[in-house]
Amino acid sequence: MGHVWAKLLLVGLTMLSACGAPMQRVDPDQDDALGGTGVDSADVRATADKIARSIVAMPTIFARGTPYVVVQDPQNQTRFPINDSMIVDRLVTLLVQNSAGRVQFVDRANWELVQKERQLKRSGAVSVPTDGSGQPNLAAAPLGTDYFLTSTLKSLSKDNGELNSDYIVVTFKLTDAETGALVWQDDHEWKKVGEKGVIYR
Amino acid sequence: MEEGGREGRDLPLITAAMRSGVLGFLRRTVLLPVACALGCSAPGTADAGRAWFAGDSAGARALLDARLAEDPDGRALYLNELGVLDLERRDLAAAEQRFGEAWRLMESLAGDDLDAVGAIVGSEASKQWRGDPFERAMNSWYLGLVYWWRGVHDNALACFKNAIFVDSSHGEERFDCDFAPALFLEGLAYRRLGEVGMAERSFAVARELAPGCPALAAGNDGNVIVIVEVGRGPTKVAAGKHGELTRFVAHPEVPPAIELLADGQRFGSPSRAGDVHFQASTRGGRDFDSILATKSGIKTGTEVAGIGALLLADDVKDKHQGAMVVAGAALLLASFAVRAEADTRHWTTLPHEVQLFRGTLPPGKHRFEVRPGAGWRVAGPGFEEIEVPATGEVLVYQRVLR
Numbered sequence: 009m010g011h012v013w014a015k016l017l018l019v020g021l022t023m024l025s026a027c028g029a030p031m032q033r034v035d036p037d038q039d040d041a042l043g044g045t046g047v048d049s050a051d052v053r054a055t056a057d058k059i060a061r062s063i064v065a066m067p068t069i070f071a072r073g074t075p076y077v078v079v080q081d082p083q084n085q086t087r088f089p090i091n092d093s094m095i096v097d098r099l100v101t102l103l104v105q106n107s108a109g110r111v112q113f114v115d116r117a118n119w120e121l122v123q124k125e126r127q128l129k130r131s132g133a134v135s136v137p138t139d140g141s142g143q144p145n146l147a148a149a150p151l152g153t154d155y156f157l158t159s160t161l162k163s164l165s166k167d168n169g170e171l172n173s174d175y176i177v178v179t180f181k182l183t184d185a186e187t188g189a190l191v192w193q194d195d196h197e198w199k200k201v202g203e204k205g206v207i208y209r
Numbered sequence: 008m009e010e011g012g013r014e015g016r017d018l019p020l021i022t023a024a025m026r027s028g029v030l031g032f033l034r035r036t037v038l039l040p041v042a043c044a045l046g047c048s049a050p051g052t053a054d055a056g057r058a059w060f061a062g063d064s065a066g067a068r069a070l071l072d073a074r075l076a077e078d079p080d081g082r083a084l085y086l087n088e089l090g091v092l093d094l095e096r097r098d099l100a101a102a103e104q105r106f107g108e109a110w111r112l113m114e115s116l117a118g119d120d121l122d123a124v125g126a127i128v129g130s131e132a133s134k135q136w137r138g139d140p141f142e143r144a145m146n147s148w149y150l151g152l153v154y155w156w157r158g159v160h161d162n163a164l165a166c167f168k169n170a171i172f173v174d175s176s177h178g179e180e181r182f183d184c185d186f187a188p189a190l191f192l193e194g195l196a197y198r199r200l201g202e203v204g205m206a207e208r209s210f211a212v213a214r215e216l217a218p219g220c221p222a223l224a225a226g227n228d229g230n231v232i233v234i235v236e237v238g239r240g241p242t243k244v245a246a247g248k249h250g251e252l253t254r255f256v257a258h259p260e261v262p263p264a265i266e267l268l269a270d271g272q273r274f275g276s277p278s279r280a281g282d283v284h285f286q287a288s289t290r291g292g293r294d295f296d297s298i299l300a301t302k303s304g305i306k307t308g309t310e311v312a313g314i315g316a317l318l319l320a321d322d323v324k325d326k327h328q329g330a331m332v333v334a335g336a337a338l339l340l341a342s343f344a345v346r347a348e349a350d351t352r353h354w355t356t357l358p359h360e361v362q363l364f365r366g367t368l369p370p371g372k373h374r375f376e377v378r379p380g381a382g383w384r385v386a387g388p389g390f391e392e393i394e395v396p397a398t399g400e401v402l403v404y405q406r407v408l409r
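Residue numbers (this note's numbering), protein chains in the order written: chain A, 9 to 209; chain B, 8 to 409.
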């Protein structure tokens, strides 16, 4: 009998000790136990997923063939300092991985690198790529874009001393780079309420 | 690939968690609260603050680095103090890292259960330090300035907005933000992002809060904005019979005038736009204050009862005398064990007030100096070369100490 109690005690203590585990891998689509009402991994992933689906489901931008898009860094107007480029990085990754080339992106973040390489090639300092017939291929100009994809994060925040809430909307716009026409807009929103611990009120 | 198409690395590793050990569990759940109840409390930063105000930055840094390594509960406090020292030597990368980490710690106000048990049963100072609202606001203020100087204007805006939010939001929204510098910088950040209407609203509120500050006046569109943080911020001290109350002691000394010089010529003088002591001392009471008041009452009650029992022990018959002495001693011990004192850890390197100046210089490089009056000094480089842009504005910062 004593043996059974000892085992139960050991199992109980081991299970309880898991409460303070130093590290656990968790699902990034789930809220974690740390609390806070800011932007979490689940928000980044859900936003990118929704917006990627919205873009490929929009026939207008494919009417003139494969659209080329320059993605601008988001503008963060919430009260949370975050690395907001994560959202558009994730969005571009999803579109590149899943749209089978239906949407093309122009990498303006590496513009200076591209310019430098073009100069090196034309000065003879580095080798020049060749076309199918083995002739030097330097005809291509840097890509212009058909659309700019811009985004803004905005928030409404409230606090009553015991609870605080943050409503956040991430709005995306696709603007025609030639005419300035707004050809598409979509958003993703969420609201979180957090309770402060009694020792911090 | 495993369950539900997720890769193995995404699955929770329960087995690793189970390995943390029974001893660790006992230490966290039993020994720590007991130890706290018997008197452990985290060290503050008063000594580091004194060293810094005395001009010994290296000594202050050494003290804070040591605390950072040994006391995880005060991490946010030490990071904030070190962030101020990083600003002094214009190490923006380090300041961003420290204020940013402190921001994340201070923003997480849920608190864990063991922390709560420790703070309620034992000393309040055994909990993780996350600062008072004015300290959270000042952390956001500094992080916003650092983001601004590093060119991340949207995150700068986020920080100034958060400074305003945490300064105004507690207690059923009874308190509006009254820290004009944060509103002014919020306006600048909005304008930098092209939100002109929002910028004007922020500027207007800042003007209302500090009508005597010419830097905030309508029509002052100078391209050089100077932030001078002056003096020593409030000291948090314990009050009440058992130290269950907190009070902020002001250090209102400021130099009579501070001169700003550009290329050796007088450029102007900053004037007060924000008062940190006012921010600290005008918030309402805390919910936790009632817990401390109860603990103080229990402490007084057990103390009185214990002394009473010991006094009565003399007068009762011999056969009850032993029991009365034991009861009296137990009550006194219980009184001794109750830790009713409030947590007085506070951010010591904050300024007493924030002064602002706004003026115009021709675009290009200028040699800039902040010259306080006799008996005062600047913390940081005596001269700085600033680059005034052709459009927009440059933000200059200096700290003035006695």
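Calculated from the structure, these hints are not laboratory results.
Even for Gly, the Cβ is constructed at its ideal location relative to N, Cα and C.
There's no promise every hint is true.
Label-pair restraints from in silico Cβ distances [claimed, not checked]:
1) B:Pro369 x A:Gly132: 38 to 46 Å
2) B:Gly201 x A:Ala117: 49 to 57 Å
3) B:Gly371 x A:Ser62: 55 to 63 Å
4) B:Gly366 x A:Glu120: 34 to 42 Å
5) B:Glu108 x A:Thr187: 53 to 61 Å
6) B:Ala337 x A:Met94: 53 to 61 Å
7) A:Gly142 x B:Glu108: 54 to 62 Å
8) B:Arg208 x A:Asn91: 45 to 53 Å
9) B:Gln104 x A:Ala41: 20 to 28 Å
10) B:Leu319 x A:Pro30: 34 to 42 Å
11) A:Pro30 x B:Gly371: 34 to 42 Å
Right, here's what the structure says about each hint:
Taken as a hint, the range 38 to 46 Å holds for the pair B:Pro369 and A:Gly132, whose Cβ atoms sit roughly 44 Å apart. Restraint check, B:Gly201 to A:Ala117: a C-beta distance of roughly 21 Å breaks the suggested window 49 to 57 Å. Here the CB-CB span from B:Gly371 to A:Ser62 is close to 47 Å, at odds with the stated 55 to 63 Å. A C-beta distance of roughly 35 Å is found between B:Gly366 and A:Glu120, which places it inside the suggested range of 34 to 42 Å.
Here the CB-CB span from B:Glu108 to A:Thr187 is close to 46 Å, at odds with the stated 53 to 61 Å. Judged by the Cβ atoms, the range 53 to 61 Å given for B:Ala337 and A:Met94 holds: they are separated by roughly 58 Å. With their beta carbons about 56 Å apart, A:Gly142 and B:Glu108 fall inside the hinted range of 54 to 62 Å. Between B:Arg208 and A:Asn91 the C-beta distance comes to about 27 Å, which lies outside the given range of 45 to 53 Å.
Hint check: B:Gln104 to A:Ala41, Cβ distance near 25 Å, so the stated range 20 to 28 Å holds. One distance hint, 34 to 42 Å for the beta-carbon pair B:Leu319 and A:Pro30, is violated here, with the actual separation near 53 Å. For the pair A:Pro30 and B:Gly371, the supplied restraint of 34 to 42 Å is violated, since their beta-carbon distance comes to about 54 Å.
The structure fails to meet hints 2, 3, 5, 8, 10 and 11 from the earlier list, while all remaining hints are met.
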